[in-house]
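Chains A and B, in that order, give the protein sequences.
Numbering (our numbering) for the first sequence: 1 to 291.
Numbering (our numbering) for the second sequence: 292 to 582.
Source of the hints: derived by calculation from the structure; they are not laboratory data.
Note that this is a predicted model, so its numbers are computed, not measured.
There is no bait here: all hints are sound.
Straight line, CA to CA, 27 Å or less: simulated DSSO-like cross-link-like pairs of lysine-lysine: (1) K290/A - K512/B; (2) K310/B - K111/A; (3) K261/A - K442/B; (4) K412/B - K402/B; (5) K102/A - K231/A; (6) K151/A - K126/A; (7) K442/B - K412/B; (8) K402/B - K19/A; (9) K522/B - K393/B; (10) K581/B - K221/A; (11) K552/B - K310/B; (12) K552/B - K151/A; (13) K327/B - K552/B; (14) K19/A - K261/A; (15) K549/B - K310/B; (16) K258/A - K121/A; (17) K417/B - K323/B; (18) K32/A - K126/A.
Number of protein chains: 2
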Amino acid sequence: MRSLLLLSAALLVGAAPPKPLTPTDIVNAAPKSVWKQVPSDDLLVMDLQNGSRVVMQLAPQFAPVHVANIRALARGNYWDGATIYRVQDAYVVQWGQNDSEKGFPAGVVAKPPAEYTRPFKGLAVKPLGHDDSYAPHAGFVDGWPIAYSPKGNWANLAHCYGSVGVGRDLSPDTGTGGELYAAINPLRHLDRNIAVVGRIIDGMANLSSLPRGTEALGFYKDKSMYVPIAKVRLASSMREAERPAYEYMDTQSASFAKYLKLRANRHDDFYIRPAGGVDLCNVSPPVRRKG
Amino acid sequence: MRSLLLLSAALLVGAAPPKPLTPTDIVNAAPKSVWKQVPSDDLLVMDLQNGSRVVMQLAPQFAPVHVANIRALARGNYWDGATIYRVQDAYVVQWGQNDSEKGFPAGVVAKPPAEYTRPFKGLAVKPLGHDDSYAPHAGFVDGWPIAYSPKGNWANLAHCYGSVGVGRDLSPDTGTGGELYAAINPLRHLDRNIAVVGRIIDGMANLSSLPRGTEALGFYKDKSMYVPIAKVRLASSMREAERPAYEYMDTQSASFAKYLKLRANRHDDFYIRPAGGVDLCNVSPPVRRKG
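Just chain A, with the same shape it has in the complex (with noise of 0.2 Å):
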């Protein structure tokens, strides 16, 4: 059977020059010292009826009020009950309380401003180093991919594959948090449209894999399609015998940049051309599970 993609070590023989390193090599190679851990508040555990676990990290830095809001929501178990109502292919996973008569846990702010954007002043950020489609800058701050110009002042967390965002009906409305969604595709349109306030980490094919569905951007046309959710709780919530860790590489380290240049030039044996650029989308910040 042939694969896209297949690794052979067995080509190595005599005095064959070393084997190019792939991203992936590099950040197996990464020291410890790279390695910030994602805090327990920012760790958002959601867990299906169906056994299966979708972890997200909260972007507190870019959507403060909505970050405040779900975790209320999480803590007041807001939840529970809840479901993925919608599957739209190339688009979003998104899931809430179908309740509509279930009130919000106290401390949520029925209201966010608008955190679709925040200044960039004061950010560390690392350029992607090529042209976006999108907006003046890319590029990464914190191990968050975003957009970004300098001269407006303005920074966006992008819309990228995995991404959390907060459902919203029409604008000014924000959402409260109460409904979010994944998107499975990048979708950078939706930037500086919408308050992202996260990302999945673990467990993202979990929702990319669930059925679409049927009706008008993709909703599923009846209730018993609907995925239940057993429970989504803050990792700083849960026993810590039973509390996941994660950590992500830091976006300035020598070991990012290595990695980032080796998405925009791939010179291992499969490839021919390497492309020379990258988009923002096609460079997720590298995080793993901790021990």
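Based on these hints, arrange chain B on the given structure of chain A.
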């Protein structure tokens, strides 16, 4: 229930201005003259044993030898009994003949040339009009998204969501076409390194929602997970009564120019800040079932 993109006509009251057009409005209003029929010899129909169907449009103008191989393989019933055996999240769904003893039908070129690019000269291009992260230019030719260099005199079909390519081993192998994959995420870093032979134009969700494989590179762990293919036929080989037909929007038309402009500048009710730019793979040339 909130929806991410809730469309509502109820807001149109009194002397309200007309609603801004969406890209879909442009597609729906496009005159009959801008729609071009896909030749039945370019339509590859894959029926899975589970009853679902996936339809591909082939691109002979970009990979003539590989496409001729694929036609010969289909006419020779090569994929009868084949399976989908690899689903790598955010990457590819791959299928083909697992029985390596099965010989190729007559007419199949065992070692095709590396049709990764073609000369740019002679192509009628609609430029994207925005920066591309992977190539000097991006645009559209006869319904296909391409990257190109007039100076270098090359053009390639871009690896966008739904693009179909030819699985191969390490270079300089190019694959025969007996094993194919569909991209379930934009994979532009593979541009110019693989023969892209077409795109999925119907039934993409039947591939993208398949369970992800748990082995390295997304291969299914055991054969019980393989998704059996019933048959793969060219529409030109099907009886007229059962032959599907599709048409695509002429990318040189005024309708497509409007569609492209709106993909880069969303002004409808949901949007607050139009991007003023768009990525090549976020402008899927419209295609639809005919009749």
